[in-house]
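Asks: Make a model of the complete structure from these sequences and hints.
With my numbering applied, the sequence shown covers 46 to 637.
Treat the hints as calculated values from the structure; they're not laboratory data.
All values derive from a computational prediction rather than experimental measurement.
We put the beta carbon where it would ideally sit given N, CA and C, even for glycine.
Worth double-checking, as some hints may not be accurate.
[Stated by the list, open to error] Listed below are the simulated BS3-like cross-link pairs for lysine-lysine, each with C-alpha atoms no more than 27 Å apart in a straight line:
#1 K475 to K605
#2 K507 to K475
#3 K157 to K127
#4 K157 to K480
#5 K480 to K507
#6 K480 to K605
#7 K132 to K157
#8 K475 to K157
#9 K507 to K605
[What the hints assert, rightly or not] Here are the computed distance ranges between Cβ atoms for each label pair:
#10 T247 to E481: 37 to 45 Å
#11 I577 to A168: 45 to 53 Å
#12 E481 to E556: 27 to 35 Å
#13 E235 to E320: 22 to 30 Å
#14 N477 to R508: 17 to 25 Å
#15 G277 to R346: 30 to 38 Å
#16 D517 to L551: 23 to 31 Å
#17 E521 to D584: 32 to 40 Å
#18 A168 to T283: 36 to 44 Å
#19 G600 to A412: 49 to 57 Å
#20 P343 to T283: 46 to 54 Å
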Amino acid sequence: MSTRTQSPLDLPPDPTKQRQQRRLATLLVGIGLLCLLGGAVIYGGRLAINWLGERLDRDSSSQPAGTEATTELTIAVSPAMKPAFEKLVATFNDAPPDGALPIRTLELTPDKMVEQSLQAAPAFQALAPDSSLWFHELEQRWAVAAGESEGGAVIPIANRRTSTPVRFAVSPIVVVAWESVARDLGWPNEPLGWQEIQRKATRDSQFKWNHPSTNNASGLLATLAEFYAGAGLTRGLTEEAATDPATLEYVRAVEATVRFYGEGEAVILERLRSEGRAFLDAFVAQEQVVIAWNQAQPSERLVAIYPAEGTLWADHPLALLELDALSEAQRRTYQDFVTYLTGAAAQRALLAAGYRPADLAIALDEAGSPFAADASGGSRAVDPSQPQTTLQMPSQQVVEVVRNVWWYTKRPTNVFLVVDTSGSMEEGSKMNRAKEALLAFLDNIRGDRDQVGLVEFGTGVKRIEPLRPLTDQGREQFAAVIRSLQPRGNTALLDAVWEAHQQIMLADDPEAINAIVVMTDGLENASDRSTIELQRAFDENQAQRIVVFTIGFGGDADVKLLQQIALMGGGQFRRADETDIEELYRVISTYF
46 MSTRTQSPLD LPPDPTKQRQ QRRLATLLVG IGLLCLLGGA VIYGGRLAIN WLGERLDRDS
106 SSQPAGTEAT TELTIAVSPA MKPAFEKLVA TFNDAPPDGA LPIRTLELTP DKMVEQSLQA
166 APAFQALAPD SSLWFHELEQ RWAVAAGESE GGAVIPIANR RTSTPVRFAV SPIVVVAWES
226 VARDLGWPNE PLGWQEIQRK ATRDSQFKWN HPSTNNASGL LATLAEFYAG AGLTRGLTEE
286 AATDPATLEY VRAVEATVRF YGEGEAVILE RLRSEGRAFL DAFVAQEQVV IAWNQAQPSE
346 RLVAIYPAEG TLWADHPLAL LELDALSEAQ RRTYQDFVTY LTGAAAQRAL LAAGYRPADL
406 AIALDEAGSP FAADASGGSR AVDPSQPQTT LQMPSQQVVE VVRNVWWYTK RPTNVFLVVD
466 TSGSMEEGSK MNRAKEALLA FLDNIRGDRD QVGLVEFGTG VKRIEPLRPL TDQGREQFAA
526 VIRSLQPRGN TALLDAVWEA HQQIMLADDP EAINAIVVMT DGLENASDRS TIELQRAFDE
586 NQAQRIVVFT IGFGGDADVK LLQQIALMGG GQFRRADETD IEELYRVIST YF
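Replies: Right, dumping it as structure tokens:
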């Protein structure tokens, strides 16, 4: 058990030493990379073809289109880190070292960074995801695509897609709660962990908590922590321990109380600002979220609960893509920016933003630090002496096992897709794009306990496909239904949502995440039901909560009505056009 509080176990050495090591020998570069997760990373076994479904051409040009590509350095940054990172980039650009190119940022979720990094010509030359986990996934997929990975083999250093990552900030994964909620749980006097959260959610039907899906670092790291807790370990999690029936039962009990899953910290903060206490009582996030919220909001404080069983850390690495067309000026600019980013001024700026600096010489509780003790003597919202137990990052093989097994331990889902196939969907490629989006949604729902149904509507409800498990056969049958959709008629939106609500009520499955996803491109003009009747139906069935996501597809959708319907189910309204509806359905699928 570790009591280190400044930085997590088993992360890379000091960035300055890393640069010295790179100058000594190529071998030490390899050692530095392999040490990122606390030991040699084994690649093999559970590998998949690259995201394009084809072998990458290692000799193809990686030069982004446009002459401006070699006159700047573009860094992809994760949404949660973006505000602090952009300020640092602006400071660097205001007074760049001699010969340095301008730096610009590109906001991308880490999974998109990985996908685009596998392309021949990504739109960025460096990337800063929120966890080293994404670099290991990237290198794993890069090796498979190039045909260079065999079971148990380590990727040759010269063939890696990225340079040795440099850690510039860290933040432990915590359970964030409103202060009154935390005090009700026993904070700050009692140690709290996953069992206390599970117990509270089981006893109090009004208690709402979540953690993001496992394609977000905070969600995946929290899930790994749950598996560690279930196995009764703090280091050395193995495949056998992770898949032990007792471990799986523990994780399943915790996950059964999650209200829904979802996206990362940036989206959670956005919803907190718009919905406040009505959104969630507690949620999993990086510790930095607590500081960022309390600095900006005059309302009730958020506080950090550090799981008593131990936690993992978001380690915020930065690395350069090893692109054939990368210019020397871009390489030099990257090195100059790394020097600046790991320097005292930038490290203190990150501290002020709520991150723990990678520079261990900077005290967390120095004057002006958000970690400093409250002058009034009150309890700190964040505690620099925590976490008392830092879990060891498992091997990449174990991480992949946990990601796969999670689908069998997470809370099951019953979701109805409500699909507009009115005559207006015949315009252009709307119907084809909608079908592709629906199929993408199916592809991202992988749990064999998850069920999907469909209500198709035009002038009235055209078709009802009851909930069916997404087994291989069920998935094929559902895909065939989607491909057969044909546009005609008017827009009976309210009747369709009513029908989906009734179907879920008939399923009578309060143990599942029950949801409705609505898509329409037009104005309601053909329903028998009214908004008052629909609202009453939701209000009368609070015991079986149904979350509703609504999508306005194109410019003619009734935004006000769609927002109203989403509010009935405590969900979200999103706007989409033909270029992004598929991606939007993928995002919504992460909530289930």
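Asks: Does each hint fit the structure? Answer for all of them.
Replies: Hints and how they fare:
{"no.": "1", "hint": "K475 to K605", "in the structure": "holds (22 Å)"}
{"no.": "2", "hint": "K507 to K475", "in the structure": "holds (19 Å)"}
{"no.": "3", "hint": "K157 to K127", "in the structure": "holds (15 Å)"}
{"no.": "4", "hint": "K157 to K480", "in the structure": "holds (22 Å)"}
{"no.": "5", "hint": "K480 to K507", "in the structure": "holds (16 Å)"}
{"no.": "6", "hint": "K480 to K605", "in the structure": "holds (25 Å)"}
{"no.": "7", "hint": "K132 to K157", "in the structure": "holds (23 Å)"}
{"no.": "8", "hint": "K475 to K157", "in the structure": "holds (25 Å)"}
{"no.": "9", "hint": "K507 to K605", "in the structure": "holds (24 Å)"}
{"no.": "10", "hint": "T247 to E481: 37 to 45 Å", "in the structure": "holds (40 Å)"}
{"no.": "11", "hint": "I577 to A168: 45 to 53 Å", "in the structure": "holds (48 Å)"}
{"no.": "12", "hint": "E481 to E556: 27 to 35 Å", "in the structure": "holds (32 Å)"}
{"no.": "13", "hint": "E235 to E320: 22 to 30 Å", "in the structure": "holds (29 Å)"}
{"no.": "14", "hint": "N477 to R508: 17 to 25 Å", "in the structure": "holds (19 Å)"}
{"no.": "15", "hint": "G277 to R346: 30 to 38 Å", "in the structure": "holds (33 Å)"}
{"no.": "16", "hint": "D517 to L551: 23 to 31 Å", "in the structure": "holds (26 Å)"}
{"no.": "17", "hint": "E521 to D584: 32 to 40 Å", "in the structure": "holds (38 Å)"}
{"no.": "18", "hint": "A168 to T283: 36 to 44 Å", "in the structure": "holds (39 Å)"}
{"no.": "19", "hint": "G600 to A412: 49 to 57 Å", "in the structure": "holds (53 Å)"}
{"no.": "20", "hint": "P343 to T283: 46 to 54 Å", "in the structure": "holds (48 Å)"}
When held up to the earlier numbered hints, the structure conflicts with none and fits them all.
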